[in-house]
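K.L.:
Make one complex out of these two single chains by using the hints.
Here are the chains, one letter per residue:
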Amino acid sequence: MPDFSCRLSDQIHLKTPIILASGISGNSDSLLVRAAKSGAAAVTTKSCTLKYRPGTDNPASSDWGCGLITNLGLTNPGVDSMVYLINAYRQKAAESVVPVIANIYADNPDEFAELTTKIKLAQPDIIEFVLPEYDPGLVAEITAAVRVNAGLIPISVKLSAICSHIGKVARKAQDAGADFITAVNPVPGMVIDAYAAKPFLSQGSGWISGPSLKPIALKCISDIYKEVSIPIIGMGGVSSGLDMAEMILAGASAVGIGSALYYRGYEAFTKILVEFEEFMNSEGYNNLSEICGKIWR
Amino acid sequence: MEKPFSMEEKKSRVFTVDKVRIENDTTHSLIMKEPMASEPGQFILIWIPGLGEKPFSVAGSNPLMITIADVGKVSGQIDRYQPGDRLWIRGPFGQGYQSYGKDALLVGGGYGASPLLYLAETLIKKGINVHVFLGARSANLLILVDEFEKMPVKLHITTNDGTRGIQGFVTVPLEETIQQLSDVQEACVYACGPKKMLYGIDALCERYGIPRQLSWEAIMRCGMGLCGNCKIEMPDTWEEPVNKPGSKKAWLVCKDGPTSFTK
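If you read the protein sequences in the order shown, they are chains A and B. Using the numbering used here, the letters of the first sequence correspond one by one to residues 16 to 312. Using the numbering used here, the letters of the second sequence correspond one by one to residues 262 to 524.
Hints are computed from structural coordinates only; laboratory data are not their basis. Remember, predicted model here, so these are calculated numbers, not experimental data. Backbone N, C-alpha and C define an ideal beta-carbon position, used for all residues, glycine too. Hints are not guaranteed to be accurate.
[What the hints assert, rightly or not] Here are the simulated distance ranges between beta carbons:
| hint | chain 1 | residue 1 | chain 2 | residue 2 | range |
| --- | --- | --- | --- | --- | --- |
| 1 | A | 302 | B | 324 | 39 to 45 Å |
| 2 | B | 524 | A | 289 | 27 to 33 Å |
| 3 | B | 311 | A | 297 | 50 to 56 Å |
| 4 | B | 494 | A | 124 | 36 to 42 Å |
| 5 | A | 132 | B | 455 | 52 to 58 Å |
| 6 | B | 501 | A | 297 | 49 to 55 Å |
| 7 | A | 218 | B | 429 | 53 to 59 Å |
| 8 | A | 289 | B | 272 | 29 to 35 Å |
| 9 | B | 342 | A | 124 | 47 to 53 Å |
| 10 | B | 382 | A | 123 | 57 to 63 Å |
| 11 | B | 504 | A | 132 | 39 to 45 Å |
| 12 | B | 524 | A | 244 | 42 to 48 Å |
[Claimed, not checked] Now the stretches of chain A that chain B is said to cover, found in silico as 3 or more residues with beta-carbon under 8 Å:
| hint | region |
| --- | --- |
| 13 | 36 to 43 |
| 14 | 49 to 58 |
| 15 | 156 to 163 |
| 16 | 182 to 190 |
| 17 | 194 to 207 |
| 18 | 272 to 280 |
In isolation and in its complexed conformation, chain B is listed as follows (with noise of 0.2 Å):
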């Protein structure tokens, strides 16, 4: 019989900030000195000692970037950080993003958007047609325009208070993207934001029957599948794989996810 599993550490290790880059008002980048290996859509933890610890999205593995906004008191500590201060980081961990299609309609809701630079640069280098949907309450909210204004993607923006781009919600010009596709299963919406926000995603895509990959968001505590803290109940469109029973009424977003699929 095979060991069911490696004995390999996979304890928290030590990054040295690089660059630091800022995107708005309460987010900002940080560019580390150091890579890891990891798909978009994949979380890390990242511990400051005597603090706390805390999940964010990779936004980039080579080097390791990470796009932070300060809501809490890890993330607040975070953002005073400066070229050449350590952090403790462990994964990456979850089910990532997957190349899909020949078009990619990628959604980011506020800092949602993190994980959605590294996914366009991954999917682009595959060859993929991609679109780009940021969406926020305000302009002040949004992030990694620029970033994505430099890329080869068509970007769309839409704030509700009309500050920046279309005014109302992302779900708008998403729609009549997806009406102007030519083949609606060579095409794949990925999605990450505020679990409302998904809902609605879901809802639109099984309306088209266009598959998607959405990243789920929760509050985590062990991370590791064990406390059941980050459970969540799934879209009723989404199909319980057979290997996976009861995952439906109680999806763990740390283990399972925090990408979901459904084609």
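Excised from the complex, chain A in its bound form (with noise of 0.2 Å):
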């Protein structure tokens, strides 16, 4: 059997590659428990801001066809319940307990200051943080003002697909302090109705995740790898194990999935890992770092 183990730094040793990436169930503690036991070697709460956002109106989100489109509004507890959350789920997961990667929102750079002070207080393995736009300056002072209230905490930039020259701008949180990049963000789009002659969801636009995601988020990750030399949580798309197998050789470190909860239910993490083993196993690879950006190589 291939070496699954994936490290990702000094700190941070994962079982397996395989994440549960930011949105998906990270509101409850007991959802993050399911993801834990079901095969996650990592879980990632939704994006938590400094105060209580209650979320959009239905439809919130569709299965469109050839991937999802959702639009929850950042639905969240706030920060001090997160924290809450958050010990509340190793608490809960007691002997499945894996890793922890707190999400976080902010505005700008004070505002993510005083949310990565507070969310440290859960003592999450890695804070990893969305930002409100990708202009390279702000992405560096942003990325500073974070690490330096993470102290020891590793932390994680997360970019968007909608972010041009995304191998640079990454180039820049890595020289401010990141320790990984997150790679990528859905994207913004629109699904309408004909026949109502509306868009369908009740903020208008959302963003779309799921298959049709996953070739913009290779070509970022590759993008990327060629620029920084911190590893790569990469995902968008990936629903199998071939797809994991794609994003790593693209040059990601772990892999993030979300909607293959939809298509395949929690059973997705162990189902895309068997596959992602048969493929090593018939490709002859021994371990991650075999494949880890081999389109490069």
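P.N.:
Here is the structure:
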């Protein structure tokens, strides 16, 4: 059997490279426990903000055929409750506990600094942050603010496919102190119902994830891989073992799944790993470093 | 390796109201012109463009029928629909009821009875002996009584205030019927209603060792098993499947359910 152990840093060792991405079930400690028991090697909380956000009206999501569109409106209980939730997750998971990545979102560097100080109380294994925009100067400023306030906790910058020159921006984040890059966040999109002559989602537009995001994600990850020396947590439309192999070949060290839970349920974690193992065996690979970024070698 | 899913569209489709049937002061059924292949106990999402989207049980599949209680802004709007009006529906979603054994005891609390008429029809076709128990706070909140009276079923009605049928909870005639069953292993209780009622029915069934299929209600958002909004904790009696570790404490009504099975 190939060696699936995934060493993201000196501190972060994952049993396998498969992670629960942010946004899925991450507002519930018991669902994070379920993901951990189902085979996630790390779990990510839903993006949390300084204050509670109730989220959007229904419809908030749809399967439009080649992928999903969602706009739940950053529903989250606020950072203070998120700290409680992370602690509750650890307690309830007991021996099934896996590292937890706390995802945070703010509008400016000052808010990010405050949010990082607060989420740090839960001692997450990684703090991952979503940027309000991708201006390279602002990315560096926010990364530095999170870095300073995170103490010894590793930090990961989450980039979206809409970020132009994503490799260069990732490089800026690395230079400003990021330990990892998470890529990619879904891209904006809209689904219109022609008969209703209206957008389907209550908010008009949303974010496109699932299979249609994968080729976009692969391009972004390979661009980032060429520019940085820190590990990449890759994600975007991974729903099979082969998808996972492609993402690692593009340069990801670990892979997050989200929409796969819609397509395949919580069993997605084990199913994807079994398929990935089948691929590794059939191609004669022994460990992850052999294939990480191999398309460039 | 096989593709793990098919890329067929699961967007909302347009349905047209054919007939409207009044069930009680606040509840009515819409019978559509079009069918939708589905099982009793599954749910659909009805979208009113520009207003919102809400889950409803399937009350009949050919043609599609939905029983709606006027309890919110979406339901309130649908309440005004007339033959010829259009609405947008996606689904069906979730796990429905499964036919089991020789005797079926169907229990509906208030508008929780909405999927049971369709279930009764399906079970009768399979030669299963059907008892129906409808309970509500008061006579004007009972639904589908006339429809069940036309069917070859044994109908039991309870109201909390005694305005119709036996005064008390629906579990009273249910327990009496369970006691009269020749073989509880060959019978099954199918229930739909508020969480509190389902917990009560589950405890009663556990005492008599009778299998049950409970259909749970929750406030749904994504309806796709992703947001976690409809997560509930299952009763202690429910056995967690080996392939779904952690699901007992975090059961998704939209994806794992809405129907749970306990044998």
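K.L.:
Look at each hint and say if it fits the structure.
P.N.:
Right, here's what the structure says about each hint:
1. A:302 with B:324: 39 to 45 Å: violated (58 Å)
2. B:524 with A:289: 27 to 33 Å: holds (29 Å)
3. B:311 with A:297: 50 to 56 Å: holds (52 Å)
4. B:494 with A:124: 36 to 42 Å: Taking Cβ atoms as reference, residue 494 of chain B and residue 124 of chain A lie about 40 Å apart, which means the hint holds.
5. A:132 with B:455: 52 to 58 Å: violated (43 Å)
6. B:501 with A:297: 49 to 55 Å: violated (34 Å)
7. A:218 with B:429: 53 to 59 Å: Violated - the Cβ-Cβ distance for residue 218 of chain A and residue 429 of chain B, about 47 Å, lies outside 53 to 59 Å.
8. A:289 with B:272: 29 to 35 Å: holds (31 Å)
9. B:342 with A:124: 47 to 53 Å: Given range 47 to 53 Å: holds, Cβ gap about 52 Å.
10. B:382 with A:123: 57 to 63 Å: holds (60 Å)
11. B:504 with A:132: 39 to 45 Å: holds (41 Å)
12. B:524 with A:244: 42 to 48 Å: violated (56 Å)
13. 36 to 43: holds (count 6)
14. 49 to 58: Coverage by chain B holds for the region 49 to 58 of chain A (5 residues, Cβ < 8 Å).
15. 156 to 163: Since three or more residues must qualify, the claim that chain B covers the region 156 to 163 of chain A is violated, with 0 doing so at under 8 Å.
16. 182 to 190: Check failed, 0 qualifying residues.
17. 194 to 207: Violated: only 1 residues of the region 194 to 207 of chain A have a Cβ under 8 Å from chain B.
18. 272 to 280: Since three or more residues must qualify, the claim that chain B covers the region 272 to 280 of chain A holds, with 8 doing so at under 8 Å.
The earlier numbered hints that this structure contradicts are 1, 5, 6, 7, 12, 15, 16, 17.
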